[in-house]
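**Student:** Can you build the whole structure from these sequences, using the hints too?
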Amino acid sequence: MSALEDLAGLVTRFELGEDHVSSHWAQLAVSPETTRPAAVLMLFGMLDGASADPRRAIAPTDLDVLLLERAHTLGEHPGQVAFPGGSVDPGDESVVHAALREAVEETGLDASGVRVLGVIPELGLVRSNFRVTPVLAWWDSPSPVRVVDYAESAQVFRVPVRDLLDPANRVTATISRFGRTFSSPAFTINGLLVWGFTGMVLSGLFEELGWTVPWDKDRTHEISL
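For the sequence shown, our numbering gives the first residue as 414, with consecutive numbering after it.
Honestly, the hints are just simulated from the structure, not real lab data. Any given hint could turn out to be false.
Said to hold, decoys possible - Here are the in silico distance ranges between beta carbons for each label pair: (1) Arg593 x Val443: 17 to 23 angstroms; (2) Leu429 x Ser507: 16 to 22 angstroms; (3) Glu446 x Ile588: 16 to 22 angstroms; (4) Ala564 x Arg449: 19 to 25 angstroms; (5) Gln568 x Lys630: 25 to 31 angstroms; (6) Val424 x Glu506: 18 to 24 angstroms; (7) Gly531 x Arg590: 32 to 38 angstroms; (8) Asp631 x Pro491: 24 to 30 angstroms; (9) Arg593 x Ala442: 15 to 21 angstroms; (10) Ser525 x Ser415: 19 to 25 angstroms; (11) Lys630 x Arg590: 18 to 24 angstroms; (12) Ile588 x Val443: 20 to 26 angstroms; (13) Gly504 x Lys630: 39 to 45 angstroms.
Being a predicted model, the structure only gives us computed values, none of them experimental. For glycine and all other residues, C-beta sits at the position ideal for the given N, C-alpha and C.
**Tutor:** Written as structure tokens, this is what we have:
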């Protein structure tokens, strides 16, 4: 099966309510405290430039996903790598509309070239009071992307999925707060660390798709905020 077929099949599984493979969804469960609706766009496509390292038979060398680095001056999650997305506004017709609108506002992409495959059930972010709906999509006609507002984003980039899956680029991120240590699967890409919500969602998605390559979960990266 192709990557597109795998992604579309995953949406069908979620729609049918089949059991989940990944344990990360339970860690992001929606609770009564998560009352603010939000949506993110998980946009996969085929790289039109440099490909991943072809020596590792992990995933197609030209498959990528769109991410951004949040501005370091933001009050919430400054400097973190994230999917394009944000709050669902009253004028949004649906979570899909919200995810696409936010992606256009943040990255300047042409939404007409995006094929929405479906949604993943809501995930919870208790600390910021969000219930987030990931919208899974395929980039039929990739368009140029850029930082639209540097007050919101530091950079916008496309990451080869094979590089994310490479065990050499995988670590467990740890952060200590209020006398407790929290951990999440993470990815080291281009000098950036993809961790927290985004790291957990990507890791969970790859597990659901059967794409995950065994990696050393004891290799840690401590985060200082």
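**Student:** Please go over all the hints and tell whether each is borne out by the structure.
**Tutor:** Checked hints:
no. : hint                                : verdict
1   : Arg593 x Val443: 17 to 23 angstroms : 21 angstroms, holds
2   : Leu429 x Ser507: 16 to 22 angstroms : 21 angstroms, holds
3   : Glu446 x Ile588: 16 to 22 angstroms : 20 angstroms, holds
4   : Ala564 x Arg449: 19 to 25 angstroms : 21 angstroms, holds
5   : Gln568 x Lys630: 25 to 31 angstroms : 28 angstroms, holds
6   : Val424 x Glu506: 18 to 24 angstroms : 19 angstroms, holds
7   : Gly531 x Arg590: 32 to 38 angstroms : 34 angstroms, holds
8   : Asp631 x Pro491: 24 to 30 angstroms : 28 angstroms, holds
9   : Arg593 x Ala442: 15 to 21 angstroms : 18 angstroms, holds
10  : Ser525 x Ser415: 19 to 25 angstroms : 22 angstroms, holds
11  : Lys630 x Arg590: 18 to 24 angstroms : 21 angstroms, holds
12  : Ile588 x Val443: 20 to 26 angstroms : 22 angstroms, holds
13  : Gly504 x Lys630: 39 to 45 angstroms : 43 angstroms, holds
Violation of the numbered hints given earlier is absent; every hint is satisfied by the structure.
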